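Peer 1: Chains P and D, in that order, give the protein sequences.
Just so we're aligned, residue 9 is where the first sequence starts under the numbering used here, counting upward by one.
Just so we're aligned, residue 5 is where the second sequence starts under the numbering used here, counting upward by one.
Honestly, the hints are just simulated from the structure, not real lab data.
This structure is a prediction, so every number in the text was calculated from the model and none was measured.
Even glycine gets a Cβ: it sits at the ideal position worked out from N, Cα and C.
One or more of the hints may lead you astray.
As the list claims (entries may be wrong) - Only part of the chain D face toward chain P is listed, based on derived beta-carbon distances under 10 Å: (1) ILE90; (2) GLY187; (3) LYS345; (4) ALA347; (5) PRO355; (6) ALA356; (7) ASP409; (8) ALA440; (9) VAL441; (10) ASP443; (11) ASP444.
As the list claims (entries may be wrong) - For each label pair, taking beta carbons as the anchor points, the in silico distance ranges come out as: (12) D:HIS452 - P:PRO174: 20 to 30 Å; (13) P:ASP36 - D:THR140: 30 to 40 Å; (14) P:GLY78 - D:GLY468: 42 to 52 Å; (15) P:GLY35 - D:ALA159: 40 to 50 Å; (16) D:SER132 - P:GLY35: 16 to 26 Å; (17) P:PRO174 - D:ALA159: 53 to 63 Å; (18) D:HIS472 - P:ALA175: 18 to 28 Å; (19) P:GLY78 - D:GLY110: 18 to 28 Å; (20) D:SER244 - P:ALA175: 52 to 62 Å; (21) P:ASP36 - D:ASP211: 55 to 65 Å; (22) D:GLY293 - P:GLY35: 25 to 35 Å.
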Amino acid sequence: MRYEFHLPALAEGMMEGEIVSWLVGAGDDVRADQPIVEVMTDKATVVVQSPYDGKVLELGAADGDIADVGSVLWVMEIQDGIAPAATAPTAAAKAPPTAAPAAPTQPAAAAAAPATAEVAAAPPAAAARATPPAPRGAGKALATPATRRLARELGVDIGSVRGTGPAGRVTADDLRKHGQAVGPVAAPAPSVERAAPAYAPARRAAASDAEVEERVKLRGLRRAIYESMARSKSTAAHFTYVDEVDCELLVAARNRLKPAAAERGVKLSYLPFIAKATLLALARFEKVNASMDDAAQEIVLKRYFHLGIAAATDSGLTVPVIKHADQLSLLDLAGHIQDLGQRARTNLLKPAELRGSTFTISSLGRLGGLFATPIINHPEVAILGIHEMQKRAVVRGDDIVARTMMNISLSFDHRVIDGHEGAAFCQAIKAYLEQPDLMMLEMA
Amino acid sequence: MSATVRTNTVVIGAGPGGYPCAIRLAQLGVDVVVVEKAELGGVCLNVGCIPSKALISASKLVEQVQHASTMGIHVDNVRVDLREMIDWKSTIVNKLTSGVGSLIKGNGGRVVRGTARFTSASTLVVDSADGQTTITFDHAVIATGSRPSAIPGFAFDGVHVVGSTEALAFDTLPASMAVIGGGYIGMEMGGVYQRLGTDVTVVEYADRILPGFAADLVRPVAKRFKRGGGTVLAKTRAVSWKPGPGGRGCELTVEDRASGETRTLEVDVILMTVGRTPTSQGLGLEALGLATDARGFIEVDGEQRTAVANIFAIGDVAGEPMLAHKATKEGEVAAEVIAGKPAAFDSVGVPAVVFTDPEIASVGLSEQAAKDAGHRVRVGKFSFGANGRALSLNEGEGFVRAIIDADTQVVLGVEAVGPEVSNLIAEAGLALEMGAVADDIGLTIHAHPTLSEAIMEATNAALGHAIHAMNR
């Protein structure tokens, strides 16, 4: 029997998902639980598995498409009677997510992470077609002849366009929107130009800049980052405050505690100290541990502390979240940071571990640079960027001395947090880091 | 005479593929030369679609007059002068073919008479009685069409064994005729002569006539053909023939494929309609390095382009279905591609129409093809017996069948047999191209009383709510 797999809500409140990549093709035989397609929700990439053994007949969306929850994701032929007819299946989805949208710093002096998105169009060779014509008998997208012609004129592969018309008919509007989203594959070149007699010497491609450009489709995590960053920058009124931290005592404290932590199986870095200092500061500045509800025109004071730690992965930036981080000891914080970082890099985080942060710390590690203007992780109202720790010449008394210094950059949403409040919050963190003993006073 | 002509595009063949292609090229400002070895208009206008339809209409009128007594019309002494009928047909053909010449020239295209042969991918020579013309070109469109096929032992001799061309211009009405091949050409031409009074026997190798169409579509045609005095020998192989005594007529030996028994038919003439062969030989394709498939078709892509980038092929020579309207569409596509426009042959359906009595027409997927393609289908059927206009035409036989996707209601195909279905199928073709759902047709007002109501009712029947039928 014919069985339609409908896209389930893979996460609470999910309305749509983006097709990151198909792991099978039409005509493939698949087994139950075999991964079929990677779907990106607004938080994580989820691998959707086949609920049954069978043969995939058709795919309901193309890579990069946005599929509505409930829409037919794929159609397969399965044994009669093993599936209830015409009902949407429950989510057969396990979730080794690859990543989540992030709120990373915008480093002033840092290399951009290499994009791994797929290439949409290679530069056309001189004699190549601008748009490969559909093979005969194929290309039966549901669309009127005039719309099909428009698709060719726009250089859009109509088979990859999601139709919004009746029965999924592709409309002219769908094409135009699709065209805006991904850009034309390539402009159709006049055949009179390209179809030189077969024996003629191949002409070198006219070296116009456009011909050597490469267009990379915005999909998957990159798309999530694109949206998240644009949303933050278009809502929050960012201002950034930078100060330097004298880390002499912090280095000493960490060096003292490191062996003890190692005995407990934890590699103690500086980040847990910074996290602890930040959490203690947040407890004193409730407006910083907040979010802005633009629709309701209300500031939401969270009163709980879920700490996001931005991490770079091969797919892009992700923000694993330590829930109720304020209740964790330094050692536990260190353990969580270590664990989440590892699983982020190996794409083993669960969607729940990638959302709900109330404040975010972004560390670029050795690429930390001098300072940055971090972009706030929407809808939070502040973010901390930490930079490279290094020996610098500083003045102590009247002497120039070498000290281990580290800059911290804090961006705030000025709609919520005024300059002096942000500065005071930064000074609180600085004080905890310069005199780690102070943190003892706050410990429950 | 020897001349050299330089052009952007040369179109070989001025049939229903080539001449629209040339006109479209000229409209788009592309310099074009058309080479034609016979008459402008090709097989379709000269010895195919148009003249056969003229004779079909005339012969149907004869039959209607003969059977008009059911309507209270009594006509005695109906006399058919075949010569006059053929002459009338020829005036229609001449009117259309001269129109083609005017259209090509009026749009700025040139016509060169003769037989074309490629010498390279940028030159061809045209041989004619007047001499040789060399044409150099940037693009060429091969639109050479097809010619009737014959089976072994039955070479066309123009007298005893004839093809459709000769059958359109008999001097006298044959008293008897064997039609070898019960496909659409055989059934159309066999039907003409059966209605005019010839004793027609159709010899069909397959299990039944018109094997390309669903059995229930063909049944009314076979029934009426036999009722009119025609004979169908299905599952029968034509073995051999020899001239009759004194060279008059033919003795045709056929073999029953099931029993192996042979019998001999004595007929005035044998009409050979076993199919058509693409005209791809003698064109100099080897000079292009262009091969054909086993059947002689030139392979093309969705832009009608062959394996040689500047050479295009359209129409019968470019593959099935060998239908004039498919050739025309392909010609327009090739022309636009050559002119740099983003054209492609992307039609959802190519309608097929057969001018038998009654007519058969279809477009899109048959019920079986739709199932094979993975659709869950719903089918609605509406009989012309419940259509007022059909009954008032005294043509209540036949039906329309709509095939729709059960999940999306998208119309997948329409098949029909009955009065004027060759015209009715256009609505279904539009529905397919527009991606219509059944309700799009069902909710459209169809004028009453017309035959078109049958299409509306068939799609409504597929949805389970036809008005004038019990819905299954």
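Peer 1: Are the hints correct? Go through all of them and say.
Peer 2: Going down the list of hints, with the structure as the test:
{"no.": "1", "hint": "ILE90", "in the structure": "39 Å, violated"}
{"no.": "2", "hint": "GLY187", "in the structure": "22 Å, violated"}
{"no.": "3", "hint": "LYS345", "in the structure": "8 Å, holds"}
{"no.": "4", "hint": "ALA347", "in the structure": "7 Å, holds"}
{"no.": "5", "hint": "PRO355", "in the structure": "14 Å, violated"}
{"no.": "6", "hint": "ALA356", "in the structure": "16 Å, violated"}
{"no.": "7", "hint": "ASP409", "in the structure": "8 Å, holds"}
{"no.": "8", "hint": "ALA440", "in the structure": "9 Å, holds"}
{"no.": "9", "hint": "VAL441", "in the structure": "5 Å, holds"}
{"no.": "10", "hint": "ASP443", "in the structure": "9 Å, holds"}
{"no.": "11", "hint": "ASP444", "in the structure": "8 Å, holds"}
{"no.": "12", "hint": "D:HIS452 - P:PRO174: 20 to 30 Å", "in the structure": "26 Å, holds"}
{"no.": "13", "hint": "P:ASP36 - D:THR140: 30 to 40 Å", "in the structure": "50 Å, violated"}
{"no.": "14", "hint": "P:GLY78 - D:GLY468: 42 to 52 Å", "in the structure": "25 Å, violated"}
{"no.": "15", "hint": "P:GLY35 - D:ALA159: 40 to 50 Å", "in the structure": "46 Å, holds"}
{"no.": "16", "hint": "D:SER132 - P:GLY35: 16 to 26 Å", "in the structure": "52 Å, violated"}
{"no.": "17", "hint": "P:PRO174 - D:ALA159: 53 to 63 Å", "in the structure": "56 Å, holds"}
{"no.": "18", "hint": "D:HIS472 - P:ALA175: 18 to 28 Å", "in the structure": "26 Å, holds"}
{"no.": "19", "hint": "P:GLY78 - D:GLY110: 18 to 28 Å", "in the structure": "57 Å, violated"}
{"no.": "20", "hint": "D:SER244 - P:ALA175: 52 to 62 Å", "in the structure": "56 Å, holds"}
{"no.": "21", "hint": "P:ASP36 - D:ASP211: 55 to 65 Å", "in the structure": "37 Å, violated"}
{"no.": "22", "hint": "D:GLY293 - P:GLY35: 25 to 35 Å", "in the structure": "33 Å, holds"}
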